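Peer 1: Dock chain X against the given chain D, drawing on the hints supplied.
Heads up: the sequence lines are chains D and X, in that order. Numbers 3 to 371, taken from my numbering, label the letters of the first sequence in order. Numbers 126 to 250, taken from my numbering, label the letters of the second sequence in order.
One should not assume that every hint holds.
Distance windows between CB atoms, simulated [stated by the list, open to error]:
{"no.": "1", "chain 1": "X", "residue 1": "Arg-135", "chain 2": "D", "residue 2": "Ser-24", "range": "34 to 44 angstroms"}
{"no.": "2", "chain 1": "X", "residue 1": "Glu-211", "chain 2": "D", "residue 2": "Gly-159", "range": "22 to 32 angstroms"}
{"no.": "3", "chain 1": "X", "residue 1": "Asp-239", "chain 2": "D", "residue 2": "Arg-197", "range": "30 to 40 angstroms"}
{"no.": "4", "chain 1": "D", "residue 1": "Arg-197", "chain 2": "X", "residue 2": "Pro-128", "range": "24 to 34 angstroms"}
{"no.": "5", "chain 1": "D", "residue 1": "Ala-344", "chain 2": "X", "residue 2": "Ala-172", "range": "54 to 64 angstroms"}
{"no.": "6", "chain 1": "D", "residue 1": "Gly-159", "chain 2": "X", "residue 2": "Gln-240", "range": "54 to 64 angstroms"}
Since the hints were made in silico from the structure, they are not lab data. Remember, it's a predicted structure, so these values are computed and weren't measured experimentally. Don't be surprised by glycine CBs; every beta carbon is placed ideally from N, CA and C.
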Amino acid sequence: MRDRAAIVGVGYTPFTKDSGVSTLALALQAISAACADAGLTVADLDGVSTHRVGDSVQAAVVAQALGMHDPRFVSDQFGGGSMSHTTVAQAAMAVATGVAETVVCWRAINSRSEFRMGGTGRPPPDVVEFQYQVPYGYATPPQQFAVMARAYLERFGLGREALGQVAVRQRQSASTNERAVMRTPFTMDDYLGARWIVEPLCLLDCCLETDGAVALVVTSAERARDLPHVPALVSGAVWGGGHTLFSNHRGDLTTTAAADSSRRLWSMAGVGPDDVDVACLYDAFTPLVLVQLEDYGFCGKGEAAGFYADTSMPINPHGGHLSEGYVHGLNHVAAAVGALRAGAEVALSTGQPGYVAGSTSAVVLKADR
Amino acid sequence: MIPGIDRDSRPWWEALSRHELVHQRCDDCGRWRWPPRAMCGECGSFAWSWQPVTGDGVVVSHIRTHHSFLPGIEAPYSTVFVALAEQDDVVLPGFWRGDSEPAIGQAVRAVFVDQEGGESLLGWR
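So that you can see chain D by itself, here it is in the shape it has in the complex (with noise of 0.2 angstroms):
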């Protein structure tokens, strides 16, 4: 499926700590905007792909709100960011085989004035390993994270500056970004000041919890050429995945899903990690920025944070969920096409590289000028 299809438009809502409407109107707001920055109008979609946990609308109550009668495909997968990324998958999937023409994919949540990650008394989602965690008091993803922080800063020799590195910089990135929440740059004193969240994650190793709805629009290559802007070829896509922090089936909390998976992503669209001009790695929690970097193949593992320190390339240069705001994946992606569309080339955008959630899932964009 290579190049068969592309993401020729993109529509936001404003990010929040209150959206004041429902995740059907923020989802109808982002997937309007998304259809006229493509040139087109909600009349030219046959398609819908969402992802969500529990906390969103049906991805088939957004087909019919938008007026679809007959939608010629439905994807409505189950996952937070580990799964955001097969939203872009399925869509291309379904324009390159024929099945639809023309798919909108949304990601719309009320993350923090309705469903707190960290739980806001709803019950948590429906994962069979919860039960294993939660008498603990273990039940939320900075504690997860956290697991996977301290096994890679002790393997590795590292302090914490490793992170601190990735919050101050999305930070910077963030500052010129007018869609972005924070915007204030901190410096590395500010980071190793913040308060403990869970150790050895403090405040500013955590992503945001922000309302707002991200929206793509994927149609086939040939038409993509027609519309307004530098289509965004959907390269390489890839699912994974397969073991979780309990059953990992690695013995290695420092490697995650995404060390198989993109060999596959890599050969599917024929490039590799030095070809890619911009890189929007999923980053719930600063260690995930790093152990992608290694497991994504731009550098061997342990090396990530002498990497990171001396590359050029841009990771996250919209400043991610960690500044930008959290949209669970789908901003990321967002971010990349704007990212071509301004010059670049080449692509990366990846979900929650598995480890805690048991899948993952990424792609790889080309500009198609």
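Peer 2: Okay, now just chain X, sitting in the frame of chain D:
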């Protein structure tokens, strides 16, 4: 009250409350299985039995939670993650019951921590 106990996991929880640490083991290939489930992911066998494990293990990671995420559980508290001596990709969480802070690589043994509702949970020391 343990939330989310299911038909695969109930015997494991019931054994734990009897202060027995048991795990599923494949009758065909001998692989230890965790969490509980009906089929061996290694060889595909549906033949298995609950077998006791020693409760010996090694700390693979540990965290200290400073934010009270869950009602009724006051921060700060430490949680450890232990790979079983029998098979190191079986990783169990638990309360920390050691005398000093845990360390990765530290050899530990399971203890049973009784709850008010009659259930037991795992601690490590």
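Peer 1: The structure should be examined with respect to each hint, and the outcome stated for every one.
Peer 2: Do the hints match the structure? See the list:
Our hint of 34 to 44 angstroms for Arg-135/X and Ser-24/D holds, since their Cβ atoms are close to 38 angstroms apart. Here the CB-CB span from Glu-211/X to Gly-159/D is close to 30 angstroms, well matched to the stated 22 to 32 angstroms. The hinted range of 30 to 40 angstroms is satisfied by Asp-239/X and Arg-197/D, whose Cβ atoms lie roughly 33 angstroms apart. About 29 angstroms separates the C-beta atoms of Arg-197/D and Pro-128/X, a value consistent with the hinted range of 24 to 34 angstroms.
Between Ala-344/D and Ala-172/X, the C-beta spacing of about 59 angstroms keeps the proposed range 54 to 64 angstroms intact. Distance hint check: the CB atoms of Gly-159/D and Gln-240/X are about 39 angstroms apart, inconsistent with the given range 54 to 64 angstroms.
Checked against the numbered hints above, the structure violates only hint 6.
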